[in-house]
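Asks: Following the hints, put chain B in place on chain A, whose structure we already have.
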Amino acid sequence: KNQVEQSPQSLIILEGKNCTLQCNYTVSPFSNLRWYKQDTGRGPVSLTIMTFSENTKSNGRYTATLDADTKQSSLHITASQLSDSASYICVVRAGGGADGLTFGKGTHLIIQP
Amino acid sequence: DAGVIQSPRHEVTEMGQEVTLRCKPISGHDYLFWYRQTMMRGLELLIYFNNNVPIDDSGMPEDRFSAKMPNASFSTLKIQPSEPRDSAVYFCASSLTAGGSQPQHFGDGTRLSIL
Numbered sequence: 015k016n017q018v019e020q021s022p023q024s025l026i027i028l029e030g031k032n033c034t035l036q037c038n039y040t041v042s043p044f045s046n047l048r049w050y051k052q053d054t055g056r057g058p059v060s061l062t063i064m065t066f067s068e069n070t071k072s073n074g075r076y077t078a079t080l081d082a083d084t085k086q087s088s089l090h091i092t093a094s095q096l097s098d099s100a101s102y103i104c105v106v107r108a109g110g111g112a113d114g115l116t117f118g119k120g121t122h123l124i125i126q127p
Numbered sequence: 080d081a082g083v084i085q086s087p088r089h090e091v092t093e094m095g096q097e098v099t100l101r102c103k104p105i106s107g108h109d110y111l112f113w114y115r116q117t118m119m120r121g122l123e124l125l126i127y128f129n130n131n132v133p134i135d136d137s138g139m140p141e142d143r144f145s146a147k148m149p150n151a152s153f154s155t156l157k158i159q160p161s162e163p164r165d166s167a168v169y170f171c172a173s174s175l176t177a178g179g180s181q182p183q184h185f186g187d188g189t190r191l192s193i194l
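The listed protein sequences derive, respectively, from chains A and B.
Its first residue numbered 15, the first sequence is counted upward by one per residue in this note's numbering.
Its first residue numbered 80, the second sequence is counted upward by one per residue in this note's numbering.
Note that these hints are calculated values from the structure, not bench results.
It cannot be assumed that every hint is accurate.
Claimed, not checked - Computed list of lysine-lysine pairs in BS3-like fashion (alpha-carbon distance at most 30 Å, straight line): (1) B:Lys103 - A:Lys119; (2) A:Lys119 - B:Lys147; (3) B:Lys103 - B:Lys147; (4) A:Lys15 - A:Lys71; (5) A:Lys71 - A:Lys31; (6) B:Lys157 - B:Lys147; (7) A:Lys85 - A:Lys119; (8) A:Lys85 - A:Lys31; (9) B:Lys147 - A:Lys31.
Just chain A, same shape as in the assembly:
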C-alpha cells in the first residue's frame, strides 16, 4: 500500500532560525514528489516539485531534497519568518494517473517572534 509519512507532526521554532521537515514514502512506481504549503484557513499551494533525477530544488528560502534510493525527502526552511507558520504537506505521485497521489498528513509549523 502506498504511504507517505511526515515528521515531526508539529514544530515550534523562533523567528530567524532554520528548520527541516521530513517526508518518507513507500510509493511505487515513483513519478514525482511535491511539497505544498497550507496557511490556516486556505487551500494548499505548491512550493516545489521533484522528479526521480533531481536531488535538490530551491524556491527562495525553501530547499527541498530527494533521495530516491532511501525514499526520503526533506524541506529545509532558512531564516524563518512569521509568514512561514503553516502546515507543510508532502505529496507523492505514483505513475501518471490523475488519481495516483498519496498525501502525507502534514507538519504543522509555528514560528514564534
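Replies: Below, chain B alone, put in the same frame as chain A:
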C-alpha cells in the same frame, strides 16, 4: 487569474439536511478534484473529473455523497442526508493535466459542520 473559487466558505447545518458545496475551477483546466480534509486522515480524494466526466469516484464514502459537473466552469458536491461525521473541510482543486509537472490549484475550501 481568479483561482479556484468555492462557496460557501462555511456551512453549519443540522444532521439530516441536504448540503451542496460549489466550485468554479480555473478556466482552461481540464481536471477537477474534490477532496476532504480532517485532522485524523489529512487530505482524501473523493472524486475527480476530466472534461466534465467523472473518472474515479472510488473515494466517495457513501451513497449519500454525489458530485456533478454540468459544464467546464461549475461543479457541485452534494451530501444528502448529512451526518455529524461528515464535518470536515472540503476542497476543490483543478489542474491542466492529469500528472507530470503541473500542480493542482486548490480553492480555499468549505468548512462544513454538521450538528
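Asks: If a hint holds in the structure, say so; if it does not, say that too.
Replies: Each hint, compared with the structure:
no. : hint                : in the structure
1   : B:Lys103 - A:Lys119 : holds (26 Å)
2   : A:Lys119 - B:Lys147 : holds (27 Å)
3   : B:Lys103 - B:Lys147 : holds (12 Å)
4   : A:Lys15 - A:Lys71   : holds (28 Å)
5   : A:Lys71 - A:Lys31   : holds (20 Å)
6   : B:Lys157 - B:Lys147 : holds (9 Å)
7   : A:Lys85 - A:Lys119  : holds (17 Å)
8   : A:Lys85 - A:Lys31   : holds (27 Å)
9   : B:Lys147 - A:Lys31  : violated (47 Å)
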